[in-house]
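Undergrad: Residue strings, one per chain:
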Amino acid sequence: MHIPDGFLDPDAAAAAAVVSVGVVGYSLRRAEHELDERRVPLLGVTAAFVFAVQMLNFPVAGGTSGHLLGAALAAILLGPWLACLVMTVVITSQAFVFADGGISALGANVLNMGIIGALGVGYLMVWARHVLPRTRAGFLAIVAGGSWLAVMVGATATSLELALSGTVPLGTVLPAMLGVHALIGIGEAVITVAAVAAVMVSRPDLLTVRGLGRRAGAAPAVGGAA
Amino acid sequence: MSRRLFLALALAVAVALAFAASPYASSSPDGLERVATDKGFVERGKLHKAQHHSPIANYAFPGIDDPRLATGVAGFVGTLGVFAVGYGVARAARRTRT
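Each protein sequence line maps, in turn, to chains L and Y.
Residue numbering for the first sequence follows this note's numbering, starting at 1 and increasing by one per position.
Residue numbering for the second sequence follows this note's numbering, starting at 1001 and increasing by one per position.
Some hints could be false.
Derived lysine to any residue pairs resembling SDA-like cross-links, with alpha carbons at most 20 Å apart [as the list claims (entries may be wrong)]:
#1 Y:K1046 - L:G6
#2 Y:K1049 - L:G6
#3 Y:K1046 - L:A163
#4 Y:K1039 - L:G179
#5 Y:K1046 - Y:A1021
#6 Y:K1046 - Y:A1057
#7 Y:K1039 - L:P169
#8 Y:K1046 - L:F96
#9 Y:K1049 - Y:D1030
#10 Y:K1039 - L:T167
#11 Y:K1039 - L:P175
#12 Y:K1039 - L:A163
#13 Y:K1046 - L:D11
#14 Y:K1046 - L:A17
#15 Y:K1046 - L:G166
#16 Y:K1046 - Y:S1027
#17 Y:K1049 - L:D9
#18 Y:K1039 - Y:P1029
#19 Y:K1046 - Y:E1033
#20 Y:K1039 - L:G145
#21 Y:K1039 - Y:S1028
#22 Y:K1039 - L:G62
#23 Y:K1049 - L:D11
#24 Y:K1039 - L:T156
#25 Y:K1039 - L:D9
#26 Y:K1039 - L:L160
#27 Y:K1049 - L:T92
#28 Y:K1039 - L:G171
#29 Y:K1046 - Y:D1065
#30 Y:K1046 - Y:N1058
#31 Y:K1049 - L:S93
#32 Y:K1039 - L:L170
#33 Y:K1046 - L:G62
#34 Y:K1039 - L:A176
#35 Y:K1046 - L:S93
#36 Y:K1049 - L:A14
#37 Y:K1039 - L:T172
#38 Y:K1046 - Y:S1028
Calculated from the structure, these hints are not laboratory results.
Given only the sequences and the hints, what does the whole structure look like? Please build it.
TA: The following block contains the structure:
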């Protein structure tokens, strides 16, 4: 879902960039309090994992591929604000080193693939944790639904930016984007659930941010701790 | 499993996936590219001036003839590089507290 330069008009790209710079700046301030010593390497490893798995495009229908975005996964591991930093590190590296995603579109890409999923869906998952059964299955259902939703909301934001830029009418781009990303989102959900389940059985204490994982770590039948 | 061992294993899994699996990933256009092609705006996409000399453009490490190996090495280097950047950003953000 990386937008290259040329798809967005300068106004839309600049507006998205302003939002992203503001959120990332605030995330850095939050990080001063949320980053304990243990989470410093975890942030690096999460960014590395998201980058690596983003390279693994899987086929979906009709000669199209998709790949993990990873914002929901990062939010589950590190909380919404640190996840914004993870996604910014990944997407910025991709733009400047790998020519993947535009430079003037960087703010839009960080917003669509990172911030919206990490913050919007991240906090939605925290809320869902309070209202759904606090079992391991309930938690993994939230993980699956949240990661699928993060892809769909990102596709919606991308469509809106393209339409506001006058690139393509919203009525044309939105159904097409949602249709293909509904499938890609299933891949996102499968990968995210697998990764979270692997963490749950080996180091459930790593899922400890903002009430999301603390309860997961305390959920029954989570073996292999310590 | 100790925390340090877990993190080392997770990083090793990431590096291994990027090195060994990425050469076999689908090369079909992704969702946005597909929509851009179908709806006729894909030709608007272009590289930014700053990307004309990207160090590892298109995830192909320069100077390696075999395309699969070039992708694998790009994944290997990229994953470790992103780890270093993420670690550095986290370390710097934490330091500003004092």
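Undergrad: Any hints from earlier that this structure breaks? Give me their numbers in increasing order, please.
TA: Result: hints 5, 9, 20, 29 and 33 break, sorted rising.
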